[in-house]
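Could you put the whole structure together from the sequences, leaning on the hints where they help?
Chains as they are written, first to last, in full-length UniProt numbering: chain A, 1 to 193; chain B, 1 to 193.
Derived by calculation from the structure, the hints in this document are not laboratory data. Any given hint might turn out to be false.
Said to hold, decoys possible - Listed next, the in silico PhoX-like pairs over lysine-lysine satisfying Cα-Cα at most 25 Å (straight line): (1) Lys103(B) with Lys141(A); (2) Lys157(A) with Lys144(B); (3) Lys141(B) with Lys144(A); (4) Lys69(B) with Lys141(B); (5) Lys150(B) with Lys109(A); (6) Lys193(B) with Lys193(A); (7) Lys69(B) with Lys157(B); (8) Lys150(B) with Lys144(A); (9) Lys157(B) with Lys144(B); (10) Lys144(B) with Lys144(A); (11) Lys141(A) with Lys141(B); (12) Lys103(B) with Lys193(A); (13) Lys150(A) with Lys144(B); (14) Lys109(A) with Lys109(B); (15) Lys150(B) with Lys150(A); (16) Lys103(A) with Lys193(B); (17) Lys109(B) with Lys141(A); (18) Lys69(A) with Lys144(B); (19) Lys69(A) with Lys141(B); (20) Lys150(A) with Lys141(B); (21) Lys144(A) with Lys157(B); (22) Lys69(B) with Lys150(A); (23) Lys109(B) with Lys193(A); (24) Lys69(A) with Lys150(B); (25) Lys69(B) with Lys144(A); (26) Lys69(A) with Lys150(A).
Unchecked claim - Computed Cβ-Cβ distance ranges for the label pairs, DEER-style: (27) Ile91(A) with Ala39(B): 35 to 41 Å; (28) Val31(B) with Ile92(A): 33 to 39 Å; (29) Leu140(A) with Pro149(B): 16 to 22 Å; (30) Leu88(B) with Asn52(A): 40 to 46 Å; (31) Phe35(B) with Lys144(A): 26 to 32 Å; (32) Lys69(B) with Lys28(A): 50 to 56 Å; (33) Glu55(A) with Lys28(B): 57 to 63 Å; (34) Ala167(B) with Val77(A): 17 to 23 Å.
Unchecked claim - Just some of the chain A residues that point at chain B, by a computed CB distance under 10 Å: (35) Pro74; (36) Ile124; (37) Gly130; (38) Arg190; (39) Pro192.
C-beta: ideal position from N, C-alpha, C; glycine also.
Protein chains: 2
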Amino acid sequence: MASTDKPSDPEYTSSSTPSVPEGVDYFKFDVILRFLLFAASLVAVVVMVTGNETELVLYQGIPVLQPAKFRYSPAFVYFVAALSVSGLYSIITTLASLSVVNKPHLKTKLLLHFIFWDVIILGIIASATGTAGGVAYVGLKGNKHVGWPKICNVYDKFCRHSGGSIAVALFGSIVTVLLIWLSAYTIHSRIPK
Amino acid sequence: MASTDKPSDPEYTSSSTPSVPEGVDYFKFDVILRFLLFAASLVAVVVMVTGNETELVLYQGIPVLQPAKFRYSPAFVYFVAALSVSGLYSIITTLASLSVVNKPHLKTKLLLHFIFWDVIILGIIASATGTAGGVAYVGLKGNKHVGWPKICNVYDKFCRHSGGSIAVALFGSIVTVLLIWLSAYTIHSRIPK
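This is how it looks when you write it as structure tokens:
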């Protein structure tokens, strides 16, 4: 029943079966995007967690070994927690998406649920990216007005990992936006003209 | 034509006119939520901008007048810019929403456009809330691991304003989530069963 091949006219499936309008079938793109979200979440978490670094720094004139860990910053802890949630979420929804590929009756209802949850996940990922990015920017540039020294001149590996992780999370946010757009467009295409 | 009174059965409007299924008319809630988003954006920007404070602090043993301004932190500048954008956006979309109240043909198409843009605005507000929140948390608690002192014991008014502004922005994010949910649900309700 499901039209997995690409239709040239968006309306031809809905006109063939007027009782169950299907619209265009973008479910394969949905699965691909959800897998991308999973990959982005996994990479972001792994890169952030593996950024730990220990450097010799001067503390009141005495050189001491001082580690930098993501765990030391509540912003980075929130970031790792949020991206872990989105990784788990993307696994569950990829499986849900795959399970209804051949059930057109359930698809539209599922897409509505997807939008509801995707929006929450978008809020979580976007805020986590912002939180980690804001703190990482202070680490990179410091803030002389309040006397926060920059730390990225000392902890270069830690900062490279944090920056890379934040960039991947930003990519994950964009994928989530695309997922919501796709679901909304698919639901809209099922309304008969 | 538009059914602005609350229907008891979600399907009765779509069954009465099968050529143009209307579903439930939630446009008044849409207008109310968009106005709330405007109010939240305005309050967040005003409270953040008016938080400037000058205090006498010890700088190398000498007391100096040191101001705290949102402009000193790139995170807070991004926050003010993002909330200004969402404020402008909410004005435009409230007017757009009001202009199609009596045009059921245009409504569904407009709702799809609303979802597309609301999702981007949600990403912007959520990331701005996160960014400002992350930096404000450092200001509140400091971070002894990297030697960033807390500043909220000195700049109490500035911190109260920042915290209040971030809380209002969080409320704005939740309103945007509700807006997307409402649009998605309305579009879904127009698909004939």
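To see whether the hints hold, each was checked on the structure:
| no. | hint | verdict |
| --- | --- | --- |
| 1 | Lys103(B) with Lys141(A) | violated (52 Å) |
| 2 | Lys157(A) with Lys144(B) | holds (20 Å) |
| 3 | Lys141(B) with Lys144(A) | holds (18 Å) |
| 4 | Lys69(B) with Lys141(B) | holds (18 Å) |
| 5 | Lys150(B) with Lys109(A) | violated (49 Å) |
| 6 | Lys193(B) with Lys193(A) | holds (15 Å) |
| 7 | Lys69(B) with Lys157(B) | holds (11 Å) |
| 8 | Lys150(B) with Lys144(A) | holds (13 Å) |
| 9 | Lys157(B) with Lys144(B) | holds (23 Å) |
| 10 | Lys144(B) with Lys144(A) | holds (17 Å) |
| 11 | Lys141(A) with Lys141(B) | holds (20 Å) |
| 12 | Lys103(B) with Lys193(A) | holds (15 Å) |
| 13 | Lys150(A) with Lys144(B) | holds (13 Å) |
| 14 | Lys109(A) with Lys109(B) | holds (20 Å) |
| 15 | Lys150(B) with Lys150(A) | holds (15 Å) |
| 16 | Lys103(A) with Lys193(B) | holds (15 Å) |
| 17 | Lys109(B) with Lys141(A) | violated (45 Å) |
| 18 | Lys69(A) with Lys144(B) | holds (13 Å) |
| 19 | Lys69(A) with Lys141(B) | holds (18 Å) |
| 20 | Lys150(A) with Lys141(B) | holds (17 Å) |
| 21 | Lys144(A) with Lys157(B) | holds (20 Å) |
| 22 | Lys69(B) with Lys150(A) | holds (20 Å) |
| 23 | Lys109(B) with Lys193(A) | holds (11 Å) |
| 24 | Lys69(A) with Lys150(B) | holds (20 Å) |
| 25 | Lys69(B) with Lys144(A) | holds (13 Å) |
| 26 | Lys69(A) with Lys150(A) | holds (16 Å) |
| 27 | Ile91(A) with Ala39(B): 35 to 41 Å | holds (39 Å) |
| 28 | Val31(B) with Ile92(A): 33 to 39 Å | holds (35 Å) |
| 29 | Leu140(A) with Pro149(B): 16 to 22 Å | holds (19 Å) |
| 30 | Leu88(B) with Asn52(A): 40 to 46 Å | holds (43 Å) |
| 31 | Phe35(B) with Lys144(A): 26 to 32 Å | violated (41 Å) |
| 32 | Lys69(B) with Lys28(A): 50 to 56 Å | holds (51 Å) |
| 33 | Glu55(A) with Lys28(B): 57 to 63 Å | holds (59 Å) |
| 34 | Ala167(B) with Val77(A): 17 to 23 Å | holds (21 Å) |
| 35 | Pro74 | holds (6 Å) |
| 36 | Ile124 | holds (8 Å) |
| 37 | Gly130 | holds (3 Å) |
| 38 | Arg190 | holds (5 Å) |
| 39 | Pro192 | holds (7 Å) |
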